[in-house]
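**Q** Now for the letters of each chain:
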Amino acid sequence: MRFFKFYLPISLAFAMAILGITSVFVPHHYSDNFQKETVVWFRVLGGVTMFIGAYSLLKVHFNRIRRQQKGWGYSALLYAFFITVITCAIVNYDTATGKSKGPLEARNMATKDGVNWIFNAIQRPASATQYSLLGFFICSAAYRTFRAKTVEAAVLLVAALIVMLGQVPLSATISGAIPWMSNWLLNWPNMAVKRAILFGICVGSVGTSLRVMFGIERSYMGGD
Amino acid sequence: MKKNDLLLIGGFALVMAVINIVLVATHRLHWVGRFDPKTLGTMVAAAITIAVMSQLYKDNALFKLAEHMLVGSALAYGLMVTWYAMWVTEIIPALSPLKTYGWQAVVHPMKIAEAANKPQLLGVWSIFLPAVLGLMMYTRLNKKYAWISRIPFAIMIGFGVGLAIPNEIQANLLKQLQATMVDLWHDPMTHQYSWNVLFAQIAFVGVMATLVYFFFSVEHKGAFGAVSRVGVWFLMIAFGASFGYTVQGRLSLLLGRINYLFHDWLAIVR
Amino acid sequence: MKLESIFDVDRRFVFVGIFLALLIPMLVPYPLPCKPNKDVENMYIGIDDAISRGKKIFLSFEYDPTGAAEQEPMARAVMRHIFSRGGKAVIMCKSGGQQGQEMHQQLLADCAQEYGRSYGADYCYLPYKPGSTNLVINLGQSLRSTWPQDVGGTDLADLEVTRDVQRLADFGYVMIICSSLTTVVDWLTYGQGPYNLNMGFGVLGNVTPDVANYTNSGQIKGLLGGLIGAAQYEQILLDKGINLMRRFSPADLASAHMVSFCSRLSDPEADGLGRYVWDALSPATQAAVRDVIKEGYDNLNAAAKTDIAAALNRVIMRTDVIPDAELSKAKPGHQVASLLDGQLKERAPQILRRLIVEKEFGKALVAAQSAGQAMTWMTPQSIAHVVLIVAILFGNACYLYDRARRKKHSQI
Amino acid sequence: MNRHPGFIAALSLVLMLPAARSWADPSAPADAKPLPGTTYDLSAESLTGLGLQAMDKPNDNGTGIMLTWPRQGWEAPNALYQVLMGDDLAERLDALVDLKVIDAARRDELLGQLGAGPGQKRLFWVQETLASERPKEGSAVAPPMPLRSDYPAVFGFKKENDGYHAIEMIKFKRDDLVLHIDRETNDETRKLVKEVEARGLVNQIVPLGEGETTKVDLKQFSDAPKHDRTYYFALQRVEAGVVTGRSEIASAVPKDNWFAWHKLNLLIAMFVLGIIIMAFAWIARRNPTGLFIRRIGGLEAVDEALGRAAEMGKPVFFCHGPGDLSAVVTISAINLLGKIAERVGEYGIRMKVTCLDYLVMQVSQEMVRDAYTRVGRPDAYNDDDVFFVTGDTFAYSAAVSGMMMREKAGTAFFFGRFGSESLLLSETGAVTKAIQIAGTDSFNQIPFFITTCDYTLIAEEMYAASAYLSREPRLVGAVKGQDVVKAIMMTIIVVGAVLVTFGFMGFAHLFWPLTN
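Chains as they are written, first to last, in the working numbering: chain F, 1 to 224; chain L, 1001 to 1270; chain A, 2001 to 2412; chain Y, 3001 to 3516.
With the rest of the complex left out, here is chain F:
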């Protein structure tokens, strides 16, 4: 049993890693085909496992409804919307032909059915608004927590102020130097740091990848 639970996964990971590395260095069309095939595999894998995540979320809310925990009404609402959208998706109504095609035929993405309406009236404004709240939060964060507590923080502050000012047309009217400085910060120091961080990230991730490959890092197995 230990073989199946432990050695088999580790040796499979190692073998697949070797195949992955090989496919980069071997240009032969065999390795080309192998890469193409793995792309198909991983896509199919994603398609087959798509219900696991939904199951987890629905279970949490199902438990909430069953136990009538605080706020179970919202969970019921979540279910209502989930079921509505899924039903509309399964019916797969096509406004162009005026027929319901069922879930086994391709969906016309331009069709105006319940899914489309809910997407446009609820999902789209809700997620766009959630995104736009960042505008409030960023200002609030800047206003309340942006203090030159240390020299480093002061450097960050000054750079941020220059760039912020350089970002609006007003600054050019005050002085042409401000947009120039903001561009300069962007093009030189920012670029240098980018590069250094990329070096570091590369070495770090190669290190971790090697540990995974040789079975030292096994967190993907969920511990022993």
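Keep in mind that the hints were calculated from the coordinates and are not lab data.
For every residue, glycine included, the Cβ atom is placed at its ideal position computed from N, Cα and C.
Hints are supplied without guarantee of correctness; some may be wrong.
Listing some non-contacts, in silico: residues in chain Y with all C-beta distances to chain F over 12 Å [claimed, not checked]:
| no. | residue |
| --- | --- |
| 1 | Gly3051 |
| 2 | Pro3146 |
| 3 | Glu3248 |
| 4 | Arg3295 |
| 5 | Gly3307 |
| 6 | Pro3315 |
| 7 | Ser3401 |
| 8 | Glu3461 |
| 9 | Gly3481 |
| 10 | Val3495 |
| 11 | Phe3507 |
What the simulated footprint calls covered on chain Y by chain F, stretch by stretch (three residues with Cβ under 8 Å from a Cβ of chain F suffice, anywhere in the stretch; the number is not a length) [stated by the list, open to error]:
| no. | region |
| --- | --- |
| 12 | 3330-3339 |
| 13 | 3379-3393 |
| 14 | 3437-3449 |
Position chains L, A and Y against the provided structure of chain F, taking the given hints into account.
**A** For chains L, A and Y alone, coordinates are given in the frame of chain F:
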């Protein structure tokens, strides 16, 4: 508590209804025919926008309502997109040789795949094998058999890691080495010392100092500490620049929502 | 008492402050002049140059509703530029734009409408296709094998705009409006690199710092970074006088709109039908039309009249271009049609056609007013930025003062 | 410094005045096209020795051929090179040129010619225009044409590479003659088909479509060379519409290759890196003394943060970003989660782990369960505390920030890859006065974490974090190995930059990646 929530929701719905009726009556919104899903959509979207924004005041029933609506429909939408993009357009058509050729498709998959002009090289096995792996994933849901899912995980992660090692080195190490090893005294255009050369030198120092900051096995003291401190300064400049740029972007998005409320819906802003 | 404690307010006040700082300047639109930077200028020159060489422009719209506030103005400015100069464009949609296809097509139709361009001859839209890197590689090799058909299902070989283009390298300029760094790198690696294309990008504000080293290395020829990039592009268009609609003031356009409409109503051809059309109008519009009739066309100055005449010409010219398929889409039209009695039904298409002209002209009018949307939006931006900067500076001053005092205190 | 494009172009302008005048003249066609009826004359006199060489493109999967020929000093700016290509006997290239000028108007005529054509086999041709752009008025620089130096992966970094043109034939347009014919019913056409097939003049015979009549069509296909098959090439130069040079015929066979030699430096770098990192890990396990790892601010504070949450009886939130298991930072985050969960178990507080990716969720569940078991509190584990919220980032941030507000988070950890949800989450946490520790390698999000969180692990610090927390010799050793790699890299950069500054490129070239 519960009652308050219901009152809040009901009151909000009422206020929105009144505003919308006024808007339609004053021809700021156009209601066409008996039932106009598009205009209704605009109204609902405005209500949702306000409900999501209400979390800025405090966490409240309206926000929770909008949040659960969003989560429920987003989950279903995600499933739908995956279904129609993966199953309907890829997996099911790839299995179609089973219908036409029967067992032949399983026994001689490659031949059949070629004849049926399918992009999968192994024919139906290109679907069967990953599908079996995918089904193995479902053992995660059972504690006793959860170990089975290690096998597909190992295959996926192993291959990902194998591809990542050379590609990371190529893209992030060799590429950046190439970009950093530059002429530090002559401008590429004029072959003379110039301001740009000075800037390139500054950037070079920045790269080095930042790299020093990311040394973990040496204590940052003395000269080493001083260099690493310069590195921190460079880091902070970069983060500051990034912050400044993002402020602009985020405010633009906020403007977009304000425009939606006051232009598309209330029609106050022209 | 700590000075800084005045900053310890409830953050909701901060939110309200930001909201007002953005909203108030929006109510009073006052576009600030923007000085275009080099990257934006490069993009303008690149596109202009390509058009003047008779080359087509390739665009990839990869934005969806979440990022639209920043990226739609970019798309609009660039499309206006292309259409106003008589350029031809092929637009595609990839990974990030899946949920924005409706918006893209609407925008294209609006811009084409403004400058009297038509689908198929001047532009075409290639619908969403999954795949990211592979798609770029395929496009480099062959446009038609990647997208055999456009959004309407027409073969690319049968569309005038795509007839003589085979692959990415046949285009004079390639512009990508996208929101992630990975997409930029994909396009540069598999599109720009192998074929040495003129390629420009329109990216979100927060991605701009990440692409700095690519503009530095010359791989990116033209960059619109965030809304300010769009505003600067609009400024160039304005400076070059390309934005024709801008020549009319909104008031002129309104009068032109009304006058044209009134002339229709008083037209003997329209005679009895005018009543039905009139009934279909909202009371506010009716009132405005009455005003124009009362005030009269003659009160306008000569220059405005010429402009109106030109505008009217454009409207009249377009009357015949509207395909019948468009007619059925016009909503006010349905109302009118339902009002028509049997005898008049055969003439309904004409009326509907006119109604669409009105509607479209109205759209152009709205477009003209929002011509500098990004520029107009830069004013609230500027104000919010300045308020924020002042608040940060003041907060830091208080903080430093407090600290100095505390130090002094502890020394004693 | 043997490349003076400006000088060469200026000289060529002077020498080629007649030709140059034609592009300055607006009436001349912009793109020179071969004149109809031009045939490829293979008699020896017409060969001016363009020096065409064809070779299998090395390091590829057998679908590429490289063509190269020396660059002439007097190439006019509007020079155009055409490559003719055939997959059969080279002598037949002359017939090819005849075929290529067929236009739509001659289609019907063609049908008549079918019987009379020369008896050649299937052939096709390609035309590659290399300098189709007309230079701007007044510019003296010749338009760029691909040179050998554009393909360092094939020709290396030799100086003389600038003296040769080079193009890569990976995809080419192919014009096929397609005969639309009703092959089933008509006896006469059946006879014709037989004859046509025997002569092999037409590339494709397709059954008639609805309402079609028998015709010959010219269709364009794009095609890639097939491996292990011989292809023949010839080259002609056209200037201002006049053929000014022709080459001999060259042939090549595209071959499958087993090793990409241009990636040799990558392979060596990979081995060096791997050996150093793994060696240090191995040595550290054998001899776990003297391992030092510098203080990482954020991690020192983990205990303090958890302690405070325990004191106040508030829950701990652990947020994974939207990264999946293929991201290294996610793996580091899961490791950290294990270590943090141990301490959470010791303190007996409640920890909620919110996930955006269901595979991450599964791994996290096991990680937390094992950690609780290790510290003897298996009962504290509840599957519902480690859960998947949704795959949509904004729904996720809405839901999680809602939860953090409602349940008054005491401590929040944000470890993983983050997008724009970072600020939404951390600002909410700041309002609930939670102690927040963040760590990510997403460069864009670090500034927000710095401003809103109490501690932030910047990029690589995140990778070193699990080594720091666990002090496991193997991990610490690997961190040390990574430091050594960085030191080597810095040395290479400094040496390389100095050498480049003094004009020695050779050293730098050793490290250049040769492809994109």
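**Q** Each hint needs a verdict: does it hold in this structure or not?
**A** Cross-check of the supplied hints:
For Gly3051/Y, the shortest C-beta to C-beta distance to chain F comes to about 28 Å, beyond the 12 Å cut-off, and the non-interface label holds. The non-interface label for Pro3146/Y is consistent with chain F: the shortest C-beta to C-beta separation is roughly 21 Å, beyond 12 Å. With a closest Cβ-Cβ approach of about 30 Å to chain F, Glu3248/Y is found to remain outside the 12 Å limit, as its non-interface label requires. In this structure Arg3295/Y is separated from chain F by more than 12 Å, as the shortest Cβ-Cβ distance comes to about 16 Å.
At roughly 23 Å, the least C-beta separation between Gly3307/Y and chain F is larger than 12 Å, which holds for a residue marked as non-interface. Listed as outside the interface, Pro3315/Y is consistent with that label: its C-beta sits roughly 15 Å from the nearest C-beta of chain F, beyond the 12 Å cut-off. For Ser3401/Y, the condition that its CB be more than 12 Å from all CB atoms of chain F is violated, with the nearest at approximately 9 Å. Consistency note on Glu3461/Y: stated as away from chain F, yet its beta-carbon is not over 12 Å from all of that chain's, at 9 Å minimum.
Distance check for Gly3481/Y against chain F: the nearest CB is about 7 Å away, which does not clear 12 Å, and the non-interface claim fails. With a least CB separation of 16 Å from chain F, Val3495/Y remains clear of the 12 Å interface cut-off, as annotated. Every CB of chain F lies more than 12 Å from the CB of Phe3507/Y, the least distance being 18 Å, so the non-interface label holds. Given a C-beta distance limit of less than 8 Å, the hint that chain F covers the region 3330-3339 of chain Y holds, as 5 residues qualify and 3 suffice.
Under a criterion of three residues with beta carbons nearer than 8 Å to beta carbons of chain F, the stated coverage of the region 3379-3393 of chain Y is upheld, 7 such residues being counted. For the region 3437-3449 of chain Y, the stated coverage by chain F is satisfied: 4 residues place a CB nearer than 8 Å to a CB of that chain, which reaches the threshold of 3.
Consistency with the previously given hints fails for numbers 7, 8 and 9, ordered from lowest to highest.
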